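**Student:** Protein sequences, first through last, are from chains A, B and C.
Take the first sequence: its position 140, counting from 1, is numbered 139 in numbering that gives the first Met the number 0, and each next residue is one higher.
Take the second sequence: its position 219, counting from 1, is numbered 218 in numbering that gives the first Met the number 0, and each next residue is one higher.
Take the third sequence: its position 198, counting from 1, is numbered 197 in numbering that gives the first Met the number 0, and each next residue is one higher.
Note that these hints are calculated values from the structure, not bench results.
A portion of the hints provided could be inaccurate.
Said to hold, decoys possible - The calculated PhoX-like cross-link candidates involving lysine-lysine, where the alpha carbons are at most 20 Å apart (straight line), are: (1) A:K125 - C:K125; (2) A:K97 - C:K123; (3) A:K395 - A:K195; (4) A:K33 - A:K338; (5) C:K125 - A:K103; (6) A:K127 - C:K125; (7) C:K246 - A:K78; (8) C:K159 - B:K88; (9) A:K125 - C:K247; (10) A:K311 - A:K299; (11) A:K78 - A:K97; (12) C:K123 - A:K103; (13) A:K395 - A:K194; (14) A:K78 - C:K247; (15) C:K125 - A:K97; (16) C:K159 - A:K127.
Keep in mind it's a predicted model, so treat the numbers as computed, not measured.
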Amino acid sequence: MKEIKRFMLGMLIILCLIGSQGTSDAIEVPGVTKDTILVGALAPLTGPNTTSGVACRDGAQTYFDMINDAGGINGRKLKVIWEDDGCVPAKGVAAVKKLIERDKVFALFGGVCSNALLAALPVVEKEKILWFTANCSSPPITKPVKPFLFRAGWNPTDMQARTIAKAGVEYFKVKKIGIFHMSDEYGVYYRDNIKKYLEEKNVQPVAIETCNPGDVDFTSQLTRLKEVDPDVVLMAMWIQDAAVMIQQAKKLGVNPLWIGAGPTGEEPFAVMAGEAAVGTIHLWPFKYLLTDTHVPMVAKFREEFKKRIGEKPGRPSGGDMINYNGAMVFAEALKRAGKNLTRDKLVSAFESLKNFDSLLATPVTFSKDEHHGNYGINLVVILPKLQRALLDIKIKPY
Amino acid sequence: MLRLAQLIVDGTVLGGTYAICALGMVVIFKATDVINIAQGELVMMAAFFGFTFRVYFGWSFTPSFLLAIGFIIFLSLAIERLALRPLIKAPIWTNIITTMAVLIILQAAARLIWGPEPYAFPPYLSRMPLNIAGIRLTHQDVAILGTSIIYMILLFLFFKYARIGKGMRAVQMDKEAASLMGISVRKMYSYVWMLNAILVGTIGILLAPRLGVYSTMGLLFIKGFVVAVMGGFTSLAGSIVGGFLLGVVETLAGFYISSTMKDIVSFIILILILIVKPTGLFAESVTKRV
Amino acid sequence: MIYIISLVLVYSIAAVGLDILMGYSGQVCFGQAGFVAVGAYTTAFLVKNGFSYWVSLPIGGIVAALTGLMIGLPAIRIRGHYLALATMSFAYIIHLILVHWESVTGGPRGLIAARPSWPFSFEKDKYFYFVIIFIVIPLFIVARNIVKSKYGRAFLAIQKDEIVSKSMGINLTIYKTLAFIVCSFYAGVAGGLYGPLIGFLDPLSFTILDSALYIMMIVLGGRGTLVGAFIGAAFFAILPEVLREAKKWQELAFGLTFICFLIFMPNGVMGFIRRYQVSFVEKIREMEFLRHYFEEK
Numbered sequence: 000m001k002e003i004k005r006f007m008l009g010m011l012i013i014l015c016l017i018g019s020q021g022t023s024d025a026i027e028v029p030g031v032t033k034d035t036i037l038v039g040a041l042a043p044l045t046g047p048n049t050t051s052g053v054a055c056r057d058g059a060q061t062y063f064d065m066i067n068d069a070g071g072i073n074g075r076k077l078k079v080i081w082e083d084d085g086c087v088p089a090k091g092v093a094a095v096k097k098l099i100e101r102d103k104v105f106a107l108f109g110g111v112c113s114n115a116l117l118a119a120l121p122v123v124e125k126e127k128i129l130w131f132t133a134n135c136s137s138p139p140i141t142k143p144v145k146p147f148l149f150r151a152g153w154n155p156t157d158m159q160a161r162t163i164a165k166a167g168v169e170y171f172k173v174k175k176i177g178i179f180h181m182s183d184e185y186g187v188y189y190r191d192n193i194k195k196y197l198e199e200k201n202v203q204p205v206a207i208e209t210c211n212p213g214d215v216d217f218t219s220q221l222t223r224l225k226e227v228d229p230d231v232v233l234m235a236m237w238i239q240d241a242a243v244m245i246q247q248a249k250k251l252g253v254n255p256l257w258i259g260a261g262p263t264g265e266e267p268f269a270v271m272a273g274e275a276a277v278g279t280i281h282l283w284p285f286k287y288l289l290t291d292t293h294v295p296m297v298a299k300f301r302e303e304f305k306k307r308i309g310e311k312p313g314r315p316s317g318g319d320m321i322n323y324n325g326a327m328v329f330a331e332a333l334k335r336a337g338k339n340l341t342r343d344k345l346v347s348a349f350e351s352l353k354n355f356d357s358l359l360a361t362p363v364t365f366s367k368d369e370h371h372g373n374y375g376i377n378l379v380v381i382l383p384k385l386q387r388a389l390l391d392i393k394i395k396p397y
Numbered sequence: 000m001l002r003l004a005q006l007i008v009d010g011t012v013l014g015g016t017y018a019i020c021a022l023g024m025v026v027i028f029k030a031t032d033v034i035n036i037a038q039g040e041l042v043m044m045a046a047f048f049g050f051t052f053r054v055y056f057g058w059s060f061t062p063s064f065l066l067a068i069g070f071i072i073f074l075s076l077a078i079e080r081l082a083l084r085p086l087i088k089a090p091i092w093t094n095i096i097t098t099m100a101v102l103i104i105l106q107a108a109a110r111l112i113w114g115p116e117p118y119a120f121p122p123y124l125s126r127m128p129l130n131i132a133g134i135r136l137t138h139q140d141v142a143i144l145g146t147s148i149i150y151m152i153l154l155f156l157f158f159k160y161a162r163i164g165k166g167m168r169a170v171q172m173d174k175e176a177a178s179l180m181g182i183s184v185r186k187m188y189s190y191v192w193m194l195n196a197i198l199v200g201t202i203g204i205l206l207a208p209r210l211g212v213y214s215t216m217g218l219l220f221i222k223g224f225v226v227a228v229m230g231g232f233t234s235l236a237g238s239i240v241g242g243f244l245l246g247v248v249e250t251l252a253g254f255y256i257s258s259t260m261k262d263i264v265s266f267i268i269l270i271l272i273l274i275v276k277p278t279g280l281f282a283e284s285v286t287k288r289v
Numbered sequence: 000m001i002y003i004i005s006l007v008l009v010y011s012i013a014a015v016g017l018d019i020l021m022g023y024s025g026q027v028c029f030g031q032a033g034f035v036a037v038g039a040y041t042t043a044f045l046v047k048n049g050f051s052y053w054v055s056l057p058i059g060g061i062v063a064a065l066t067g068l069m070i071g072l073p074a075i076r077i078r079g080h081y082l083a084l085a086t087m088s089f090a091y092i093i094h095l096i097l098v099h100w101e102s103v104t105g106g107p108r109g110l111i112a113a114r115p116s117w118p119f120s121f122e123k124d125k126y127f128y129f130v131i132i133f134i135v136i137p138l139f140i141v142a143r144n145i146v147k148s149k150y151g152r153a154f155l156a157i158q159k160d161e162i163v164s165k166s167m168g169i170n171l172t173i174y175k176t177l178a179f180i181v182c183s184f185y186a187g188v189a190g191g192l193y194g195p196l197i198g199f200l201d202p203l204s205f206t207i208l209d210s211a212l213y214i215m216m217i218v219l220g221g222r223g224t225l226v227g228a229f230i231g232a233a234f235f236a237i238l239p240e241v242l243r244e245a246k247k248w249q250e251l252a253f254g255l256t257f258i259c260f261l262i263f264m265p266n267g268v269m270g271f272i273r274r275y276q277v278s279f280v281e282k283i284r285e286m287e288f289l290r291h292y293f294e295e296k
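Construct the entire structure; sequences and hints are all you get.
**Tutor:** Structure (structure tokens):
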């Protein structure tokens with residue numbers, strides 16, 4: 000017992016000593032030197048959400064590299080340190096702390112999983128460091144406005160949900176609407192916002208089905224859907240689950256018009272679901288398709304992506320493009336902040352963006368009270384032979 | 000009525016896959032006392048190997064299938080030899096955790112080699128649904144169910160009549176006695192893992208067209224463990240019955256109660272079975288009333 | 000880095016609890032993450048509703064302990080993989096509750112876990128770090144005392160052979176359940192500390208895989224050694240951060256390192272150290288003996 004007491008006392012002393020290390024004084028402007036700007040970036044690079052994470056990194060890095068080759072921003076090159084958040088809050092907080100405390104970055108970019116971002120929020124606010132994201136679509140990120148968080152790219156989940164709900168009710172004018180959603184944060188936001196919208200329109204959904212990420216069998220849910228036979232089913236699921244589900248639906252003879260959310264708008268869904276995906280409609284955040292190479296911006300994006308990352312079936316994907324777009328917005332704000340770069344100036348620079356048109360997506364406008372830059376999403380329909388087409392519908396979510 | 004039949008049939012197809020996974024785990028456990036947590040990952044690797052041969056190299060189905068099984072056998076033997084053989088004398092928990100480490104390694108390796116995206120595996124049979132007496136099945140479903148049943152029959156015959164099969168049973172019953180009788184226990188360990196490889200390899204490739212191929216698909220097969228325990232970890236028949244039972248119960252519960260309750264119901268049924276019969280449905284009774 | 004060490008300490012308290020249950024009393028538990036979740040969410044919920052953190056934290060531990068009682072009592076008759084499955088089911092049910100009982104837990108949207116604000120704000124990592132130290136170290140000493148006492152000896156006896164233990168007069172019901180209660184209490188406290196450390200709770204942090212993580216910690220560190228729990232926690236919290244440099248090879252490197260540890264130290268790190276401690280001590284004795292022998296000449 001004596002040795003344990005001594006050992007514990009020793010541990011206590013060591014731990015206290017570690018704890019009492021003073022934190023180094025704040026540098027003038029962390030992350031900014033004469034010729035570089037140090038930016039920290041996060042994405043899930045390990046674990047189940049790696050696809051989106053890799054797209055985030057590759058798409059954004061394509062743009063950053065392109066800018067650096069053209070001379071940088073106001074004479075400084077951008078150096079981006081990518082850290083993995085594994086889509087888990089604990090890891091996300093650790094990554095953000097490392098970037099701020101050890102690497103002393105100037106600003107933060109990226110993030111795909113909203114839970115990791117929200118967990119790290121207190122750290123960001125304490126350090127007064129700016130974080131710009133294109134992917135994290137959770138509504139609380141910009142509503143209420145957080146002084147250091149900005150987003151442009153994916154619309155907040157509530158708007159996404161309302162867009163597809165509106166499409167069903169007002170555009171397709173159907174009566175029987177069903178909802179099929181995942182039990183995770185994304186799916187639940189969808190369900191709640193669709194329900195809210197439907198209540199406003201005095202429409203009752205005829206079915207609300209849930210599933211868990213990773214499920215393989217949807218027979219029960221589909222059989223129930225078959226009973227009520229909805230005209231439209233709004234679905235908020237991840238790619239592999241949706242692909243399995245839709246094939247099973249076809250087999251069981253459940254054939255409503257499927258209107259899906261963001262993830263299913265990506266090409267792998269159409270590939271995996273095959274024929275079953277034909278005729279389904281999904282959200283698409285851009286004005287143009289990835290195949291619209293007649294549009295100069297799209298062509299440039301593809302060319303740069305191919306040069307720096309390389310083409311593969313399914314890449315570049317929507318995820319790549321949205322982060323390329325996001326990087327463009329981020330770089331523009333950095334440019335506007337001028338040569339005398341400080342964190343406050345960056346925030347003002349962001350807020351000064353009005354109708355900044357990246358020529359890929361809807362123009363971006365920020366202000367003191369609005370930190371989400373671009374509203375408005377499009378819808379895309381999947382055609383046979385892996386073709387797709389943008390629908391000519393303009394939907395205003397609110 | 001027809002709806003009920005459709006649900007039961009779909010549940011049975013699902014259950015068949017659970018049963019095969021469970022069988023593999025039980026076979027390994029009975030011979031080596033190791034619970035293979037990485038079972039699902041082996042299924043995943045089989046799907047990826049099959050995918051590589053079928054899509055990257057463009058070969059037709061049968062050679063892809065056979066070669067993929069071959070690779071999985073090789074992989075399983077490697078795991079047995081490199082990770083588990085050195086731990087033969089180690090406490091049992093270390094072995095189980097080692098299979099967990101194998102799980103981590105296999106997932107990481109899959110992501111490194113093939114990337115994290117989900118891939119589509121082309122179906123080898125027509126996707127048009129069959130319509131048998133009003134019940135809709137795809138050719139795939141029939142193949143899965145059929146293969147499951149054929150394997151179960153083959154396993155039964157194997158254990159009853161084949162020399163290696165009987166050797167495995169001997170090792171399962173009493174390692175020391177078996178080795179005294181001249182059966183190489185180490186060789187049996189290898190054979191058991193090879194057998195498991197064939198079982199899970201087939202499942203992986205059969206399910207790939209339906210599920211797609213992606214690095215986290217192994218997690219689905221935790222249900223295999225559930226089924227194995229349900230049936231009593233020591234009984235093969237138990238795994239089979241348990242597998243079909245779970246598949247059907249899940250599907251029915253999901254329909255009649257609610258999709259949220261689907262999983263809860265399965266676990267509740269499980270707990271009830273354990274309370275009533277703590278050693279599972281069919282376990283050889285090891286009375287230990289204390 | 001204070002943050003990482005804080006994380007290690009929090010994990011290790013949960014791991015120590017699990018070690019008492021699995022390493023000493025020999026009962027398999029795949030539900031540790033569930034107990035941690037109960038503690039974490041209870042504490043966060045109470046703080047959100049106005050209670051002081053210093054009151055909420057022990058309550059979180061107690062609620063977790065009650066949950067442990069609920070699981071431990073029926074679990075007396077179940078053993079081995081059946082117990083594994085039963086505790087797995089429990090963890091899964093807790094996960095489902097976290098996801099679906101949205102009014103209390105916030106569902107998939109998660110719950111913010113605030114740091115204590117009395118007597119002053121503990122927002123700075125350094126301050127909360129000291130809170131953690133002054134809770135973890137005493138709890139560890141208590142665990143050490145439990146394990147060295149008649150309770151610990153009873154646990155070990157139960158693990159070795161239940162029938163003999165019972166015939167020696169050890170009341171299985173009481174002791175087995177007690178082990179569960181201690182384990183879940185520790186897990187609950189760990190959860191109550193974990194919440195404010197990260198700042199945010201979401202159900203995806205408390206799955207069966209996370210329960211398995213705790214088991215991996217104690218096996219790697221050495222089952223039944225308590226200190227092994229710290230070592231395992233340190234391994235699982237620190238190594239991934241160290242491996243960040245490896246970029247895309249991170250996961251694989253982690254898995255391979257892990258498996259190497261297991262193969263070379265099958266009894267855990269502490270098991271390995273103890274073995275060499277013994278032979279080291281023996282060698283010293285040998286040398287002492289030889290020295291005396293020659294000196295006497």
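**Student:** Against this structure, judge whether each hint is valid.
**Tutor:** Hints, one by one, checked against the model:
1. Distance hint between A:K125 and C:K125 is fulfilled; the C-alpha atoms sit about 14 Å from each other, no more than 20 Å.
2. For the given pair, A:K97 sits about 15 Å from C:K123 by alpha-carbon distance, which is consistent with the 20 Å threshold.
3. With a C-alpha separation of about 16 Å, the suggested pairing of A:K395 with A:K195 holds against the 20 Å cut-off.
4. Between A:K33 and A:K338 the CA atoms are separated by roughly 10 Å; this keeps the pair inside 20 Å, and the hint holds.
5. Between the alpha carbons of C:K125 and A:K103 the distance comes to roughly 18 Å, so the proposed pair stays at or under 20 Å and holds.
6. Of the pairs offered as hints, the one joining A:K127 and C:K125 holds, with about 19 Å between alpha carbons and a cut-off of 20 Å not exceeded.
7. Proximity of C:K246 to A:K78 is assessed by CA-CA distance (about 16 Å); at most 20 Å being required, the pair is judged to hold.
8. At most 20 Å may separate the alpha-carbon atoms for a hinted pair to count; C:K159 and B:K88 meet this at roughly 18 Å.
9. For the proposed pair A:K125 and C:K247, the alpha carbon gap of about 31 Å is over 20 Å, so the pair is violated.
10. A distance of roughly 17 Å separates the Cα atoms of A:K311 and A:K299; the hinted pair therefore holds under the 20 Å criterion.
11. For a cut-off of 20 Å, the pair hint linking A:K78 to A:K97 stands: about 16 Å separates their Cα positions.
12. This hinted pair checks out: C:K123 and A:K103 have alpha carbons roughly 18 Å apart, not beyond 20 Å.
13. Restraint check for A:K395 and A:K194: the C-alpha separation of about 17 Å stays at or below 20 Å, so the hint holds.
14. Of the supplied pair hints, the one linking A:K78 and C:K247 holds, its CA atoms being roughly 19 Å apart against a limit of 20 Å.
15. A C-alpha spacing of about 15 Å is found between C:K125 and A:K97, which places the hinted pair at or below 20 Å, so the restraint holds.
16. Note on C:K159 and A:K127: the hinted pairing is violated, with a Cα-Cα distance of about 57 Å set against a maximum of 20 Å.
The structure does not agree with the numbered hints 9 and 16 stated previously, though it agrees with the rest.
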